[in-house]
Amino acid sequence: MEFVSLKFAALTIASVLVFYLINRKYRVAFLSILSAGYIFSLNYYLLPYILVYAVFNYYLGLKLPDSKNKIALYRVGILVNISQLVLLRYATFAIDPLLQLFSEDLVISRISEILVPIGISYFTLQGLGYLINVKMGWEKPERQFLHFLLYLVYFPKFLSGPIERSNHFLPQLKKEEAFNEQDVIVGIRIALFGFFKKVAIANQLAPFITDSFSGLDSATGFSLGLTTFLLPIYLYFDFSGYTDIAIGFARMFGINLLPNFNRPFFSENMTNFWKRFHISLSAWFADYIFRQTVFKRRKWGVYASMYAVFITWVLFGIWHGAGWNFMLLGLLQALAINYEFFTRKWRYRVFSRFPGGIRKWIGRICTYAFYCISLVFFFSPDILTTKNYFSILLFGNEAVTGNVLTITGIFSEIPMSAIVLILLFFLFEFIEEDLNGTYEKLNKLWSGSSRKQVFLRWTVYSAMLAMLFVLGSKVQQFIYAQF
Amino acid sequence: MNKLFKRSLYFIAFFLVFFILVNVAYMAVIAKTDSDFKKRFEAMQFNGLDLDLVVFGASTVLDGVDTEMLTSNGIKSYNFAIGGASIRTNIIQLEEYLKTCSVKPKSLVLGLNSSMVDTFDDETIQPIVEVTMEDHKYSLNDVPILKFKWLGFEFLKKVVSKPHREYILSYGQVKFEKTVADYTTYVEQYLDIQRFENSYWIGEMIKVCKEHDIELILIEMPGYKMTQNMSPTGLHVINHSNGHQAKLYNYNSRDFCTIFDSEKDWIGNSHLNVHGAKKFTEVLLALLSS
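First to last, the sequence lines map onto chains A and B. First residue of the first sequence? That's 770 in our numbering, and the numbers climb one at a time after it. First residue of the second sequence? That's 19 in our numbering, and the numbers climb one at a time after it.
These are computed hints drawn from the structure, not numbers from a lab. A couple of the hints might just be wrong.
[As the list claims (entries may be wrong)] The calculated lysine-lysine pairs, modelled on DSS-like cross-linking and capped at a C-alpha distance of 25 Å, are:
1) B:Lys243 / A:Lys1221
2) A:Lys776 / B:Lys297
3) B:Lys175 / B:Lys282
4) B:Lys243 / B:Lys228
5) A:Lys794 / B:Lys21
6) B:Lys167 / A:Lys776
7) B:Lys167 / A:Lys1221
8) B:Lys243 / B:Lys167
9) A:Lys944 / B:Lys167
10) A:Lys1213 / B:Lys21
Chain B on its own, in the form it takes in the complex (with noise of 0.2 Å):
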């Protein structure tokens, strides 16, 4: 028995070796090919960089504003958007930022998806920001292959796919070439205005945004045709629950959305690619500079 036991213990050690290993390995791998791990890091070494604008949101806002173009046309700014971050993770991100800045920016825009995703109230932080969050508490939890189980098929997508593989992350936007063509159909919809004046997220934001003087500009973001809302791109003013006001413009219009080509501005589940984010941001950096 005293031998079994022995063993034991060794392929205990063994496996506790090897598990370090692989986690260490997978890691390394994610946070070397993933665009979001990539930029996280990117961002969390501003020092002292004064933006004029701030972009957050989700993937849509990852893959389709163009900080670069706006840039170059004298708006200062960046991308701050992660895949699958909530209005929650958005404020950690702002918070974060506004620590290290010396002149705090003057607009932020908010990108949501009101009509795919209910990330509204979602209680939930992105994992890469909640893991390289300051006063994160460690647990078994956040072991990488357990934590990153679905950047382990990203890589995958990557290593299989060349389009996958061929982005370019610039000013903190991924921009990918690749087309995936919109044969979705129109669903007869309204975009609700209420959830926007009722998501204690947002509540949030607005809260912070007014604190720090900064004019918060909520967009919601093109999608395809089977989101796309039958109501008026606007302005519309929203009158939060809480007591404060925010700008909400409804770029998910049909209307609005008539110019995007449906064969060649997508990448895929109403995301934007390189030639939709253009264009999109054209009429971002229109009414920003109106």
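Looking at chain A on its own, in the form it has when it is part of the complex (with noise of 0.2 Å):
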């Protein structure tokens, strides 16, 4: 079943109504086999060795901090980890290659192609952190083993996340709360957002982005560049929108998952870009990567800083994918950081010089712009097509001649509802980022609760609606595209 969709939503609120009305001593393990069964309808599979994964990290970190073997344990859990990570997710790029010197038979990853492994990397995250705060004492192994299920596969965030970290996400199953009606509302409320974002503006956006790289030998440099310009704001939509559904999803069941995005293209440097988007990965590795380099290489000096950095973000990079593309772009992620922290005080100086509103918009458009050749990387499906990008990018398509779509042509086909949604969302992030005094009347006017706000709130929630279900509806839609 798809995540994004009604189906999956009504059956979200249906789950809702059945969860408030069980005994509260019941709502736990009645969550996780709402999720187990959603692991269930993805892959037969799958749930077994969630199972088993769960078992695994459970038991380990109830034993972790009496052991007197903890080192050692707490570094095979850690290696068994990491091993099946990397043997289900990066086996055709880390394993095959060099088992293959050996015989041609030997493809370890046909086993992924039998459990599919989706949401690996989300719950993996989730497994290592629980140890490392267990073994390092920052949280107390969990007793009950259904919590800890729950937090490896609570359903909202299983696919794509939030990824959670335990000691955030666990004592929140301990509240013995009541029926909160502001948190279905506000549930209900942020995955509407999220929906929207998802299916008004990025699933809009979605066909000129995939043709721009599956159509590289038709393309030409300006639809390449309009291209780049939009890969950030596509991929943003597109995530943001489903964390929110995700969050919202979670909120409705009284949980509260990590934020993940917080206005990122308004960052003024990749430093603090990279605390604004995708934010519970980026602080994940920040936590666990960085911080224990650091530590661990502290008689470096700030070289250990340096180093830290090229690891956590090639690390970073491999995350999200087996390839050399996905290492590049963390890379490249490392050699920014570095340099800005190399350069700060030559950059304090230079800058100091310029009015405050003209600095803050240079770092913003600088920082935009670098995120626009980053994505390059992580949209193209390897090395060579990114290299293919960014030659017609950069010198043009010589193949292409004759009947080339012109400028508006191009334009033409990213559709005007997603454009004038893209802008009216930055807008109101730029008035929620820069101009605090108008966000406070907005919000204000927007959140009291007068018949004409509620009115106002209900009007605005039946437009989205509205939009959702001529945008996302999957009628054929009549094919006629007059001059």
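Join these two chains into a complex; the hints should help.
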């Protein structure tokens, strides 16, 4: 069942009803069963695999604090967690080429074809995070298996995060809270905005973006320039829409998930950008890789940070997938962050001459432009495509002659409604970021409880639902493009 | 929980009212401003109007055949063509018309664009015709903002662009003054007669015309240079696979299309503007008169 679908939303709302009707004692069990059912619907074999994975980490967590061989046990835990990730996710890239030196029949990646390791990158980081927390004494081991299982498999976040922290998620399951109307209302609202971002904006941009990469032969420098400019916007609305749906669904059951986005395109440098984009992932890498590496290499002084940045971001890149592209994506981020770190004083001297507003916007534009380039690596299926992409982007496409799309023709491929909505969203983000006074006023106008304010809110929600109905409908549209 | 349940019901009621109002308003605006809707309503009100010639097709015919000129020259005619209409749609329109007229038309011109869009065997019925035809079973898919989504964009074009607003609907033809030059280049291609001979819906149209003793004239509509073919203008005789015959004139041949001025006679994407339509209809008039 598709996560972003009316069917799934309806099923979730029905589950919320059941959730609040049953005894509080059984609510965690209910959510665990629901999540297990969801995973089972994705892949039959995945569920028993995750159960084994959960039992292993749960048991290890329990044993770790009192074990005499704490370090060894911890290392076994980390090794098993990473090995299963490498085996199921990176076998084609990291294991098969090595094995095939010995025999061509050895293809380990076949296991992942059966198991289909959906969500593995997410639940592995959560499992690892839990073990590290317990080993470091930052958190007590979870005694109740169902609570631990739910931490790993909770259905709203299972597929694409946010990546939860056990010390944030697990205490919420212990709360003995009664039904909270506000949780349900706020959850629905967040999910509605998520659906809207995903369906009304990202899905409208998707054909333009995917066609650009799949049809490089017929692309022009200008069309790829436009694609490059749109890549961050597309990814942001797609992913933050998805995250909002996950956060909204989770909230309906009274569980707060970690935030993932915070107006990232208003960041003035890449260091700040990664504190605002895919926050749960970058924070995980910052806490468990960067800080640990810096601590271990603390004798190196400032070079420890530089080294840790490279290690962290290369791993960050690889986490996204098996391929040189992702590694280069991470490496680029590491270069940018190190550059920003080592040129901080120089940049401050140069840019302090500029007025604050201009300085801010120069930073924002440069950050956005850098991320645009980075995303070409993210979206390209392989390094050769990336190379061709940049070649056409910079030098044009000699192969394209004759009936090339004109500039207006290229723009006409991007739906007008998506452009208007993107501008509207960014306008609100700009107000929230830079115009505090106006934001306060708007917020007051929006969130009051007078009849007029409720009417305003309901009208906006109804308009969003109507747009979702039109743009999300799978009814075959009448294909008629008048000139 | 009861409070939330009650609030949800209120919101659902609010949303339904909102949704209905939006659809009604959308429908009112579209029906009032869209040329296809206007002419559909106009054609549906024909009662006992007897025409000598009926013209069918899609948007290129809608813009390109000047039925006012034909009528003023003694051939009482109406342009039934509608944007994006398939041949199946045209058959439905024809049958609707035949039910209302007392004397059947002598001839029927069916304009086609074999090089542009493959509408020959398109099973879809043009949405405007579909929702307004008899026996149509309404469903949630017929909600105006969904069904006529593309007309919303057409409406926006009219709001922002004067040339899009300035059209005249006359005898079913939509007349545009606007000019978009044809800068495309020739491609070596020929008219594929077999496609006409094997098309199911062309066969059905031939059958209906035979049944009502109407002379069917198939015409390949003129288009931009990149769509024009190197075949002769004709007359070509179509020996349809269902055993019937029909006449076909290839007005998209390079030789024929030299009558058009590529700078002045087009409105874009192989559609003739009012000037191009006049030139083309003069040729049609000569053909029909002979």
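To see whether the hints hold, each was checked on the structure:
1. B:Lys243 / A:Lys1221: At roughly 58 Å apart (the allowed maximum being 25 Å), Lys1221 of chain A and Lys243 of chain B break the hint.
2. A:Lys776 / B:Lys297: Violated, at about 56 Å.
3. B:Lys175 / B:Lys282: holds, 22 Å
4. B:Lys243 / B:Lys228: Not satisfied, since the Cα-Cα distance of roughly 34 Å exceeds 25 Å.
5. A:Lys794 / B:Lys21: It holds: about 24 Å lies between the C-alpha atoms, which stays within 25 Å.
6. B:Lys167 / A:Lys776: holds, 23 Å
7. B:Lys167 / A:Lys1221: Cα-Cα ~30 Å, so violated.
8. B:Lys243 / B:Lys167: violated, 31 Å
9. A:Lys944 / B:Lys167: Outside the cut-off at roughly 48 Å; violated.
10. A:Lys1213 / B:Lys21: holds, 24 Å
In summary, the numbered hints that this structure violates are 1, 2, 4, 7, 8 and 9.
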